[in-house]
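Participant: With the hints as your guide, set chains D and R onto chain A.
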Amino acid sequence: MPLLEVNGITAGYGDSEILRDVSMTVEAGEIVSIIGPNGAGKSTLMKSVFGLLHPKTGSIRFDGHDITHREPYQIVELGMCYVPQVANVFTELTVEENLEMGAFLLREASLEDRKARIYDLFPRLKERRRQRAGKMSGGERQMVAMGAALMLDPKLVLMDEPSAGLSPVMVSMIFERIAEINRNDGPAMLIVEQNAKLSLAMSSRGYVLAAGENRFEGTGPGLLNDPEVGRLYLGG
Amino acid sequence: MTTDNSTIATGDEPPAQERVSREGATGNSRWPLYIAIIAIFVLFWVFGAINGKSTTTMLNLTVEGIMLGGILALGSVGLTLVYGVLKFSNFAHGDMMTIGAFVAFALMQVLPGYEAIGSFSFGWGLLLAMILAAPVVAALSLGVDFALFRPLRRRGASVVLLTMASLAAMFFLRSIIYLIWGADYHFYYQGRANPAMQLPFGITIQADKLFILVLALLMVGLVWVLLERTRMGKAMRATANNPDLAQVRGINTERVIQWTWIIAGSLAALGGVMYGLASQVRPEMGFVLLLPLFAGTILGGIGSPVGAFIGAMIIGVAFQLSSAFIDPTYGPGVAFMLMILVLIVRPMGLFTMGGD
Amino acid sequence: MDSAQLARGSFFILPLFLLGLMVIPGSRLVKVVLSIIAAFVITWLLATSLNAGVFTYVASFSTMAMIYAILSLGLNSQWGMSGHVNFGIAAFFSIGAFTSALVTTTMPEGVLASYSAQAFGLGMPYLVGILVAGIVSAILGWLVAIPVLRLRADFLAIATLGIAEIIRLIFQNERWLANGPQPLRGIPQPWLCLVKQPNCSWEPQWLVDWLSPLGARDYSFVNFLIVAVLLAVIYLLLERISNSPWGRMQRAIRDEEQSAAMSGKAVTYFRIQSFVIGSFIMGVGGAIYASYMVAIDYSHFLPLYATFIIWVMLMLGGSGNNKGAILGAFVIWFVWTGTETMIDWLAPALRLISDDLPSRGAYLRWMLVAVMLGAIVLFRPQGILKERKRVSDFMPRAKAGK
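Residue numbers (this note's numbering), protein chains in the order written: chain A, 1 to 236; chain D, 237 to 592; chain R, 593 to 994.
Hints are computed from structural coordinates only; laboratory data are not their basis.
All values derive from a computational prediction rather than experimental measurement.
Wrong hints could be hidden among the right ones.
On the chain D side, residues computed to face chain A include the following (Cβ under 8 Å) [unchecked claim]: (1) Arg473; (2) Ala474; (3) Leu481; (4) Gln483; (5) Val484; (6) Gly486; (7) Asn488.
In this text, a Cβ means the ideal position worked out from N, Cα and C, and glycines have one as well.
In isolation and in its complexed conformation, chain A is listed as follows (with noise of 0.2 Å):
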C-alpha cells in the first residue's frame, strides 16, 4: 500500500475549479517530483493533500488513515509536513523558536536532541539560532522552514518551490539537502518544483500536471529523457 494515495480529486477556491480528477502515489521513501507550467494547479494539489483546501470529490488517504476532510494539525499529527513556497517561516520569531514550532504537537519538555539534528544539517542555524528569521536571506528562510518540518521526523515532507527566489548556489546546496534528508531511512518527499529538471534527475518517480488534469507519469529519469515532457516542459 502507498503511504500517500491521492484518488480522482476535484478542488479550487468557491466555484473555480483548479484540479480536475488528479490522482498519484508516494510510496515510503521515495521523492516524487510535481512539474508542469505556472497554473497548472501544482501548489493547490499540494494544499488539498495537506488539508488546508478540502477537495469537492476524491478521497486522499495517509498512511492508511482517510485524511480528505481532516485538518492540518491532525495530518501533521499523521506525519506529514509541509514547507511552504512563501511566508514559510515565522519572522518574528527566532530560529530556534521557529523549529520549536515545527515540533508544537510534541509535549516533551525538552526538544534539544532534535534541534541538535537540525543544527547538523544546516550549521548555518546553530550560529544564528537567536537570530528573528525575519532578518534572515532567502536560502536561510528556507533551511528555517526545512528544519522545522523535520523536527517531528515526519514519514513525508512536502515541499512547495523549494528553489524559488534562490540563488544557484543556495538551489544545489538546497537540493543536496533534500537528498541527504531522504536517504538513510529518511522520510518520502513530494516536491512541486519548477527547476523540473533538476527536480526530476534526483526524484525516484515524477508526474506531470497541466491545466489542473494529470498529463504524464514515470521514472524521473525516464520523464527526463522522454522527448515530448522535454519539448513542452522542460524548455527544450
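Facilitator: Positioned in the frame of chain A, the structure of chains D and R alone reads:
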C-alpha cells in the same frame, strides 16, 4: 470547462506580493515618533508652567499619569493580544473591563475581608473578588467568541465584519450591565478615606495607586514570560505572526485563540476592578477608557504587549499632564490627538509584532 | 368627511407619490399613473380610518424614520459604496444639528440671554441652515479622512469613534458655544406659518382656506412633507452618483478590483471624496433633526441613538443599496418604538425576575438591537435588499489565496 490562468495564479500565490509591500512599509524610522512624544511632554510641562502650575504639581500629575497608565496597560495589553492573534479591533474590550468591575462589585457583597489592609483603602475581599472576576470575564469573552467571532472566522469574514461584530458585542455587554446593575454609580468602599503618602520631591500618592502600578507591572511581566517562554505563548506569537503557517506547523489555532481570550478577558477584569477602585464603578466606565486604550495600543504598535504597556503609560501621563492647562474632561481628546499623531508619523507604532 | 383630516391628508399625497415611484416596477408611465392612484387611495384611507391623534403619530413617526433614512443614506455612501467603517456617525450628525441651529436661530435677547448662551445666531432661512450644516460636517469628514483613510479600515472606525466622543464632550461642556449641557431651544421650524397665524406671506388664498381647520399642533404634517421631499432629493442625487462612472470607480476601489491600475494617491483621493459626501449628508440629516426637535442638547447624540442604531438600519436594509438604507431605517425605527410599548406590557413578567427590571426595560431594547446586528453580520451581511450590479460581496471570495 477551462480555468483562467490568472485565477489560478491568484489562488496559488498572492501572499508573495502582499508580503513584499508590507515589509517595504516597515522601513520607516522610529525617531520622528520618539521626538514627537518627548516634544509633547515638554510642551505640556511648559503649558502647565504658563498656567501657574508648580514643578511639584506637574511632578505629581506625572506620577498620577503613570498610575492611570497602569490601569490602561491592563486593558491595552489584552486588546493588543486580541488584535495580534485575531486581527481585528475589539470594540467590546472596554465593556469587558466594565463587566469585570461589576462582577467584582457583586462578589464583594458576599465575600468577607471588608476591612482595609495597611494603608490601602481596600481589604482582602476586593482582591479575592478581583481574582474571581477574572475567570468570569474570561468565560464571557470565550462565550462571545464562540457565538459571534468564531462562526465569522470560519467563513473567512473580512476584518470590517469582525469589527462590526465587536461593536454589536459592545452594546450587548453594556445592555447586560445596565439590566443587572442599572445606571447608578457604585463605590467599592463608600466614603472610605484613602490618605496619600508623602514621598521625596513633594510627591504625594495614595497607596492604592501604587498597588495598581505594581499589579500592572506584574501582569505585563507575566504576559511577557508567557509569550517568550511557554509553548502556548510561543504558539500565540507564531499565530499572530503567520496564522496560515501556524496551522501548517500543527498548531491548533482555535486553541490559541481561546487562550488569547482567556488572557485578555482576565486582564480586562483586573483593569476594570482597578479603575473602579481608583474612581467609581459605573456602566460607561469602560467605554470612557476605550479611546485611551486604542490610543495606547496603536502608539505601542499593535500586537506588541510590551509596546502596549509603554503606550498606555505615555497616554496616561499625557492625559494627566494635559489637565494642568485644559479641562480634564478633555483627557480622551488628548489621547485621541496623540493617536492621530502616531497614525500620521508612524502608523505601525513604537514596536511591531505580528502582521507578516 | 372631516375637512381637518382631509387637510392633514393632503400633506401625505406627494410623499406617497414619491414612494410609489420608488417601489412600483414597470415602465415610466405605469409608474406615474399607479403612483398617483396609490397616493390618493392610501391618503384617503388614512384620513378616513385614523383619528387625528393616530394620524399625527404616523406623520411624526415617519418623519423621524425619514431623518434616520437620511443618516442611513449618508452611511451608505461611506460604507456601502466605499467600505468606510464610520463608528462616529454621531460626530457628523451632531455637528450638523448644532451648526444649523446656530445658523437659523437668532441670538437670545433680554431675560433669555441670561440663561441661554450660544456663540452666534444668524437667523438665516432653513435651507441655508441645512447647506451650512452639510458643509461644516463635510469639512470635519475631510479632516478626519486625511490622516486615517490610507490606513487599515478599522483605524478609521477607531478614529471616527474618537471624534464623535470629542465633539460630544465639546457640546456638553462649552456653554458659550451652544448652551453646553442645557438644551439649545427655539430652533425655527420651516413653514410653521402654514398652520399657525399669521399666515405665510406667499400663501395663496385657496391654500389658506384649505388649511384653515389646522392649528399649530398639526405642524407634524408640514414637517413630514418637507422632510419627505428632502429625502427624495438626497435619494435621487445618491442614485445618480452611484450609477455614474465615479460611483462605479468607488465600488471598484472598494472591491480592490482596479486599485492595481491606479496610483495609491489617486485611490486615497477617491476614497476621501466618498467619505466627505457621506459626512455632508449626515450633517444635512442633523440639520433636519434639529429643526424637527426644536430643542437639542448633547444627550441626543450618544453612540446608541446616533451611531449604533444607524448601522443596524443600514446593515439590515442592505449595504450598498439606497432603497435598503431607507427600508432599514423604517423597519428598525418601527421595532425600536414598537418595543417600547411591548416592554411596558412585559413589566409584570419582568417584575417576577427582579423588582428593578421593569424600570430598566429600556435596556432590553439595547440588547435586542445588539443581537439584531450580531445576527445580521452572522447570517445575512448583505441585508434585506442586496446591492445591485454587485461585482463581489463584502465577504472575501472563499478565502482566496489560503
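Participant: Each hint: holds or not?
Facilitator: How the hints compare with the structure:
1. Arg473: Hint holds; D/Arg473 Cβ to chain A Cβ min 6 Å, cut 8 Å.
2. Ala474: holds (5 Å)
3. Leu481: Because about 6 Å separates D/Leu481 from the closest Cβ in chain A, which is inside the 8 Å limit, the hint holds.
4. Gln483: With a closest approach of 5 Å, the D/Gln483 hint holds.
5. Val484: This hint holds: D/Val484 lies near chain A, its Cβ roughly 5 Å from the closest one there, short of 8 Å.
6. Gly486: This interface hint holds because 3 Å falls under the 8 Å limit.
7. Asn488: Since the shortest Cβ distance to chain A is 5 Å, the answer is holds.
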